[in-house]
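**Q** One letter stands for each residue in the lines below.
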Amino acid sequence: MKNNRYTLTPRISPRTWRIDPARVPLPVSRGALSGRFFEDHLAVISLILVLFIALISILAPVLAPYPRDKIDLDNISSGPSAEHVLGTDELGRDVFTRLIFGGRFTLLIAGGSVLVALVVGVMMGTLAGYFGGWVDQVVSAAVDVFLSIPVFLIVLILASLSSGRIWIIPLVIGGTSWMEPARLIRTGLLRLREEEFVEAAHSLGVSGWKKVFRHMLPPALSPVLVTATIGFSQAMLIESSLSFLGFGVQPPVPTWGNMLYNGQIFLRTSPLAAFAPGFLIFTVCLCFNFTGRGLKRVLVAGK
Amino acid sequence: MKSYIFGKILRVIPLVILISVITFALLHLAPGGPVGIVAGNPKVSADDLSRLRESYGLDDPLPVQYLHWFKQVFLRFDFGKSYVNGRPVTAMIRERIPATLELMGSAFLLALIVSCVMGVFSALKRDSAVDHFFSAISVTGTSLPVFWFALMAIYLFSLRLGLLPAGGRETLAVPHSVLDRLHHLILPASVLSLTYLASWSRYLRAGLLDTFSGDFIRTARAKGLSERSVILKHALRNAVLPVLTVVVMQIPTLFTGAVITETVFAWPGMGRFFYEGMQRQDYSRVLGIVVISSLLIILFNFAGDILCLAVDPRIRPGRLAGGGKNA
Chain A
673 MKNNRYTLTP RISPRTWRID PARVPLPVSR GALSGRFFED HLAVISLILV
723 LFIALISILA PVLAPYPRDK IDLDNISSGP SAEHVLGTDE LGRDVFTRLI
773 FGGRFTLLIA GGSVLVALVV GVMMGTLAGY FGGWVDQVVS AAVDVFLSIP
823 VFLIVLILAS LSSGRIWIIP LVIGGTSWME PARLIRTGLL RLREEEFVEA
873 AHSLGVSGWK KVFRHMLPPA LSPVLVTATI GFSQAMLIES SLSFLGFGVQ
923 PPVPTWGNML YNGQIFLRTS PLAAFAPGFL IFTVCLCFNF TGRGLKRVLV
973 AGK
Chain B
267 MKSYIFGKIL RVIPLVILIS VITFALLHLA PGGPVGIVAG NPKVSADDLS
317 RLRESYGLDD PLPVQYLHWF KQVFLRFDFG KSYVNGRPVT AMIRERIPAT
367 LELMGSAFLL ALIVSCVMGV FSALKRDSAV DHFFSAISVT GTSLPVFWFA
417 LMAIYLFSLR LGLLPAGGRE TLAVPHSVLD RLHHLILPAS VLSLTYLASW
467 SRYLRAGLLD TFSGDFIRTA RAKGLSERSV ILKHALRNAV LPVLTVVVMQ
517 IPTLFTGAVI TETVFAWPGM GRFFYEGMQR QDYSRVLGIV VISSLLIILF
567 NFAGDILCLA VDPRIRPGRL AGGGKNA
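In the order they appear, the protein sequences are chains A and B. Residues 673 to 975 (the working numbering) are what the first sequence spells out, left to right. Residues 267 to 593 (the working numbering) are what the second sequence spells out, left to right.
These are calculated hints, taken from the structure and not from any lab test. Quick caveat, the model's predicted, so the values are computed rather than measured. A couple of the hints might just be wrong.
What the hints assert, rightly or not - Computed, partial: chain A to chain B, Cβ under 10 Å:
#, residue
1, 822
2, 836
3, 917
4, 922
5, 925
6, 929
7, 965
No residue lacks a Cβ here, since even glycine has one placed at the ideal position from N, Cα and C.
Sequences and hints are given; from them, build the entire structure.
**A** The structure is reproduced here in structure tokens:
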């Protein structure tokens, strides 16, 4: 997959798209499942840590010791001190302050990307799984195209055309990583079509779309939740890579990725300015992956 | 089987056309279109610009331009001249390929060997401390921002310890030597391989566990074969196949290289070539790489499919999805 791996999203192959739905286990129902999630201590700790970091980012204007872009000319590229806990960057801006503010943009963009991927993926998957036939063919063709382009390169090109309009970045990242949710929804729906409770709904005269939205989509969504959680960390890695390469979010707006871009130039003199943002990206990604694994154990494997 | 392969090939044609349309659209999405970078230069007069546009055929209607472009790029593999220095893109790409193959090839090889060892040990000692440790490594590998990891590796091994060079492919102004090359290769190849082995070792572990529960493994054990031969001859051969198809499908990256790793380590390969093209808005170069890499991805996805069919008769079309317990 990824690779930054050069393509960052987990790649599904065109073959996995056409897996026989009968081989995919049915999602289990939700009763008492939350209890099982809390048994997985690693997942719970990860979730709490993520929420904590998110909270700090939200409260950035209150918590940050300095304004976001404030320049301290007496401390340029300085190490940790009483005034600046994590030192300052090459322009004399407080690293700790910018980390907190950077978290806002980093998390917001990753969240937005996942949202876009989910909306597009669920829509495409529902169309393919519910209508089948030529609609399915068209969606499959679209998936084939997206699996046959070097996604990361395309994302880089599109992001470079965004020229400072931040909202384009989640659109680009989400718009190129909807294939996995689409696949899960499609196979889920195809599988559920055969189920007795769906037949029962049908024989009770429940109309087509109501059948899909009320009865089929909710159980098919639980594996998507797992993908979304893990996808969040992938989206964060893509955004950070873009910003790190200088094609993502442009300064002075801080994200952890573009702070690292500046940090690398001054690696020798102020290593902390490069270490801290990357470490945060790593930690949050790790937390999302652990949370995703915990969710998967509960929602998909059912054991 | 033959008709299946033929059908596959037929599917590829619309795919190539769609991809060519997307790439063409990208070319024209760029601000100012293909001559955007020249248009920004104050020394270029409106007259020059219109002559330039004419020479590129930019005043033709878009469908005509597209057809010309398609013929040139997809049928003759001529990606035009670089906007930066006027050299043919194909020649420039050819110069970059060896460095990329060197880096990606060694990273692949390293990842393959290590992930085999990790996968086999994890599967054999399921739920043991070793398994958990390898599992932790693999989760770490998928969460690690490569650019950060690479920077930290440079900081530690080059700046602090002074053991390994911080970047480049060889020491300049020194006669060419294999040892020097290897010395430069260690850091980027190790960093890059970590990202691959994270997923590959998991695939192998899952495949092995799946195989171990098969009837034929029980039979092999019941026949009194040594555990070693059961694992190496029977289980591993079956479990390695899904991993192999995953690896085959990633072969195209051998060509495109790793944009991030190559940029951080100043490695003169395709990834960095692409990155520099992006910085200088050299779209003929950038899109040339996108086109080649798309074609390679299509080719190797196809190869992966065929490989799967060739080694696993159970999934051949026309056969019921019966047989093994996983059907």
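**Q** Under 10 Å is the threshold here; is the Cβ of residue 925 of chain A close enough to any Cβ of chain B for the hint to stand?
**A** At about 19 Å, which exceeds the 10 Å cut-off, the nearest Cβ of chain B leaves the hint on residue 925 of chain A violated.
**Q** Holds or violated: residue 822 of chain A as interface residue toward chain B, Cβ cutoff 10 Å?
**A** Holds - the Cβ of residue 822 of chain A comes within 10 Å of chain B, reaching about 4 Å at its closest.
**Q** Against chain B, with CB atoms and a cut of 10 Å, does the hint on residue 929 of chain A hold up?
**A** At 8 Å from the nearest chain B Cβ, residue 929 of chain A passes the 10 Å test, so the hint holds.
**Q** Holds or violated: residue 965 of chain A as interface residue toward chain B, Cβ cutoff 10 Å?
**A** holds, 7 Å
**Q** Using 10 Å as the Cβ threshold, decide whether residue 922 of chain A counts as touching chain B.
**A** Violated. Min distance 14 Å.
**Q** Please verify that hint: residue 836 of chain A, Cβ, nearest Cβ of chain B, below 10 Å or not.
**A** violated, 12 Å
**Q** Going by Cβ atoms only, is residue 917 of chain A closer than 10 Å to chain B?
**A** Hint on residue 917 of chain A: holds, closest Cβ of chain B at ~7 Å, below 10 Å.
Of the numbered hints given earlier, the model fails hints 2, 4 and 5; all others are met.
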